[in-house]
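Engineer: Using the sequences plus the hints, can you model the full thing?
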Amino acid sequence: MKKIPLEVYYFADNLRIMAHFLLRCENPHIFMPIEAIVDTGSPITIIGPSDIKRMRLSKIQLNKLEGRHKPINIGGGKIFTKVLEKAKLRFGDNLEVEIPVDFPIKNEEKSIQPTLLGVDFMLKTKAKLFFDPTNKEAYFEIQD
Amino acid sequence: METSQETQLLNNFERDSKWFHEHTDELRNKGFVSKFVAIKNNNVISSGENMDVLIDSLEKRNENPSYLFIEFVHPKGTIIIL
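Protein chains in written order, with my numbering: chain F, 1 to 144; chain Z, 1 to 82.
Hints listed in this document are in silico derivations from the structure and should not be mistaken for laboratory results. Where is the CB? At the ideal position from N, CA and C, for every residue including glycine. Some clues are possibly wrong.
Unchecked claim - Lysine-lysine pairs mimicking DSS-like chemistry, simulated, CA-CA at most 30 Å apart:
(1) F/Lys78 with F/Lys53
(2) F/Lys128 with Z/Lys18
(3) Z/Lys30 with F/Lys136
(4) F/Lys124 with F/Lys88
(5) Z/Lys40 with F/Lys59
(6) F/Lys70 with F/Lys59
(7) F/Lys53 with Z/Lys35
(8) Z/Lys40 with F/Lys53
(9) Z/Lys18 with F/Lys124
(10) F/Lys70 with F/Lys88
(11) Z/Lys18 with F/Lys2
(12) Z/Lys35 with F/Lys136
(13) F/Lys88 with F/Lys128
(14) F/Lys136 with Z/Lys40
(15) Z/Lys76 with F/Lys53
(16) F/Lys136 with Z/Lys76
(17) Z/Lys30 with F/Lys53
What the hints assert, rightly or not - Derived Cβ-Cβ restraints for the label pairs, each shown as a range:
(18) F/Ile105 with Z/Asn41: 18 to 24 Å
(19) F/Pro28 with Z/Asn62: 21 to 27 Å
(20) F/Ile72 with Z/Val33: 27 to 33 Å
(21) Z/Glu49 with F/Pro100: 29 to 35 Å
(22) Z/Asp25 with F/Asp144: 19 to 25 Å
(23) Z/Arg61 with F/Pro100: 31 to 37 Å
(24) F/Asp144 with Z/Arg61: 28 to 34 Å
Claimed, not checked - To list a few chain Z residues with every Cβ distance to chain F over 12 Å, as calculated:
(25) Asn43
(26) Val44
(27) Ile45
Structural biologist: Next up, the structure:
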């Protein structure tokens with residue numbers, strides 16, 4: 001049994017579960033640490049526009065991304081994403097997971113939508129989520 | 001990058017994230033409300049009203065934005081429904 005520690009912080013004055021991981025991809029080359037809100041209300045893992053900017057990928061590189069191109073309804077609005085099929089997420093020293101990750105390719109320039117770690121991650125790893133907001137404790141429990 | 005360097009990178013990122021979340025009110029009081037801030041070694045090293053401005057500023061300082069903790073400072077009382 002692996003225990004992946006998570007953080008519980010106030011994000012915009014709302015208590016959230018935060019995960020930190022290294023995101024890696026060969027093409028386009030991406031290697032960077034990411035903070036994501038663990039969102040059991042999101043079926044997918046989606047990178048926020050600010051993190052896309054941190055990657056410094058050009059619009060040409062984003063448009064060349066392979067994978068499905070689809071609209072996503074989020075927070076009452078609609079954004080368009082491409083799915084990076086083979087993104088690798090590394091948590092600490094003992095867990096690396098390959099899952100599809102959605103990249104927004106068309107969105108409002110001033111969007112501050114955070115990166116979300118969705119239920120797809122929990123399904124892929126068969127993870128259980130423990131969350132105690134009173135004591136600000138959270139972790140994933142994953143069967144070996 | 002070796003595994004130990006990757007771990008160090010992630011640890012530094014987590015440290016700066018923790019610092020940001022514990023000092024958000026202080027950042028608001030210092031005038032960073034509605035700005036993006038870049039944190040390194042528990043300090044704000046640059047800020048901007050949008051990500052393009054901030055990234056340009058970081059690149060001029062020879063900093064790699066991919067490796068830095070960058071976050072938006074929301075006004076007090078903001079509620080975000082994801």
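Engineer: It remains to establish, for every hint, whether it holds in the given structure.
Structural biologist: Results of checking the hints against the structure:
A C-alpha spacing of about 19 Å is found between F/Lys78 and F/Lys53, which places the hinted pair at or below 30 Å, so the restraint holds. Taking the CA atoms of F/Lys128 and Z/Lys18, the gap is near 24 Å; set against the 30 Å cutoff, the hint holds. A hinted pair counts as satisfied when its Cα atoms are at most 30 Å apart, and Z/Lys30 with F/Lys136 qualifies at roughly 27 Å. Distance check on the hinted pair: F/Lys124 and F/Lys88 sit about 12 Å apart at the alpha-carbon level, within 30 Å; holds.
Taken as a hint, the Z/Lys40 and F/Lys59 pair is honoured in the structure, with Cα atoms around 27 Å apart against an allowance of 30 Å. Among the hinted pairs, F/Lys70 with F/Lys59 is consistent with the structure: their alpha-carbon atoms are about 17 Å apart, no more than 30 Å. Note on F/Lys53 and Z/Lys35: the hinted pairing holds, with a Cα-Cα distance of about 15 Å set against a maximum of 30 Å. With a C-alpha separation of about 18 Å, the suggested pair Z/Lys40 and F/Lys53 falls inside the 30 Å cut-off, and the hint holds.
At most 30 Å may separate the alpha-carbon atoms for a hinted pair to count; Z/Lys18 and F/Lys124 meet this at roughly 28 Å. At roughly 21 Å between alpha-carbon atoms, F/Lys70 and F/Lys88 fall within 30 Å of each other, so this suggested pair holds. Of the pairs offered as hints, the one joining Z/Lys18 and F/Lys2 holds, with about 23 Å between alpha carbons and a cut-off of 30 Å not exceeded. In summary, the hint linking Z/Lys35 to F/Lys136 is supported, as the alpha carbons are separated by about 27 Å, within the 30 Å threshold.
Distance restraint check for F/Lys88 and F/Lys128: the Cα-Cα separation of roughly 20 Å lies within the 30 Å cut-off, and the hinted pair is therefore satisfied. Between F/Lys136 and Z/Lys40 the alpha-carbon distance is near 25 Å, which keeps this suggested pair within the 30 Å criterion. With a CA separation close to 25 Å, the supplied pair Z/Lys76 and F/Lys53 stays within the 30 Å bound. Proposed proximity of F/Lys136 and Z/Lys76 is supported: the alpha carbons are some 20 Å apart, at most 30 Å.
Restraint check: the Cα-Cα separation between Z/Lys30 and F/Lys53 comes to about 25 Å, which is no more than 30 Å; the hinted pair holds. Checked against the hint of 18 to 24 Å, the pair F/Ile105 and Z/Asn41 fails, with Cβ atoms roughly 33 Å apart. Checking the proposed 21 to 27 Å range against F/Pro28 and Z/Asn62 shows it holds: the Cβ atoms sit about 22 Å from each other. Judged by the Cβ atoms, the range 27 to 33 Å given for F/Ile72 and Z/Val33 holds: they are separated by roughly 29 Å.
Look at Z/Glu49 against F/Pro100: about 33 Å separates their beta carbons, and that is inside 29 to 35 Å. Distance hint check for Z/Asp25 and F/Asp144: the Cβ-Cβ separation is about 41 Å, which falls outside the suggested range of 19 to 25 Å. Taken as a hint, the range 31 to 37 Å holds for the pair Z/Arg61 and F/Pro100, whose Cβ atoms sit roughly 35 Å apart. Taken as a hint, the range 28 to 34 Å is violated for the pair F/Asp144 and Z/Arg61, whose Cβ atoms sit roughly 44 Å apart.
Chain F leaves Z/Asn43 outside its interface by the beta-carbon criterion, the shortest separation being 17 Å against a cut-off of 12 Å. Consistency note on Z/Val44: stated as away from chain F, and its beta-carbon is indeed over 12 Å from all of that chain's, at 16 Å minimum. Listed as a non-interface residue, Z/Ile45 keeps its Cβ farther than 12 Å from every Cβ of chain F; the least gap is roughly 14 Å.
The structure fails to meet hints 18, 22 and 24 from the earlier list, while all remaining hints are met.
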